[in-house]
Amino acid sequence: GAGVSQSPSNKVTEKGKDVELRCDPISGHTALYWYRQSLGQGLEFLIYFQGNSAPDKSGLPSDRFSAERTGGSVSTLTIQRTQQEDSAVYLCASSLPGENYGYTFGSGTRLTVV
Amino acid sequence: QQQVKQSPQSLIVQKGGISIINCAYENTAFDYFPWYQQFPGKGPALLIAIRPDVSEKKEGRFTISFNKSAKQFSLHIMDSQPGDSATYFCAARGSGNTGKLIFGQGTTLQVKP
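For the protein sequence lines, the chains are U and H, in the order given. Just so we're aligned, residue 657 is where the first sequence starts under this note's numbering, counting upward by one. Just so we're aligned, residue 15 is where the second sequence starts under this note's numbering, counting upward by one.
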């Protein structure tokens, strides 16, 4: 597609429920990133996929968070047993490989845990 | 050492004025420093970027100044316009194969007409 597509755009869930957030990167972008943006905060790195390499999961805040990327394209971020502190905007970005390419971000999924 | 510190948190500038946002870092392995612009309800968009072997880069009204010895870099927006009102993030990336960016906390800019 023309840009990075994220779905849903908004998600309200009850505390304790599991949620799945989806990211469709730009075709041909081998690198994919998930970030979290809490209200008034910067962008917190969560996880990074690059081609067939093992993902960099160093930013995942707890074992309730996981992500996968199927076929080197679509990625799903799963949050199990959601907590109120998980409420944030979850942003996905993709980029071409190499050092000279910036990220293209999607518009994010706004998650609200009630 | 992985942090990027950004200031100010918010900024109000009159139309036509100069907006200046500053960032500082500790990790000397960082080798790429982009700035992103974010409008409400949208994801951040790449605005301009610089590498540490260059002290300044200009694109239109936007200029990055880079001070390698001080480990600081700044964004200058000349002739600021109301349409520039947005949140700005600086970022830094480590060298090597990883493309992971470390972002500053963001600056909310308001340009008054």
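By construction, these hints were calculated from the structure, which means they are not laboratory data. A hint or two may mislead.
Here are some chain H residues pointing at chain U (derived, C-beta under 7 Å) [as the list claims (entries may be wrong)]:
(1) K56
(2) P58
(3) K72
(4) G118
Under the rule of at most 20 Å between Cα atoms (straight-line distance), these lysine to any residue pairs were calculated in the SDA-like manner [as the list claims (entries may be wrong)]:
(5) H:K114 / U:V769
(6) U:K713 / H:S24
(7) U:K713 / U:G696
This one's a predicted model, so the numbers in the text were calculated from it and none came from an experiment. By construction, the Cβ of each residue, glycine as well, lies at the ideal position given by its N, Cα and C atoms.
Verification of the supplied hints:
1. Interface restraint check for K56 of chain H: the shortest CB-CB distance to chain U comes to about 6 Å, inside 7 Å, so the restraint holds.
2. Interface restraint check for P58 of chain H: the shortest CB-CB distance to chain U comes to about 5 Å, inside 7 Å, so the restraint holds.
3. The closest approach between the C-beta of K72 of chain H and any C-beta of chain U is roughly 17 Å, which is over the 7 Å cut-off, so the hint fails.
4. Look at G118 of chain H: its Cβ gets to within about 6 Å of chain U, closer than 7 Å, so that hint holds up.
5. Our distance criterion of 20 Å between C-alpha atoms is broken by K114 of chain H and V769 of chain U, whose separation comes to about 28 Å.
6. About 32 Å separates the Cα atoms of K713 of chain U and S24 of chain H, which puts this hinted pair outside 20 Å; it is violated.
7. Between K713 of chain U and G696 of chain U the CA atoms are separated by roughly 24 Å; this puts the pair beyond 20 Å, and the hint is violated.
The structure does not agree with the numbered hints 3, 5, 6, 7 stated previously, though it agrees with the rest.
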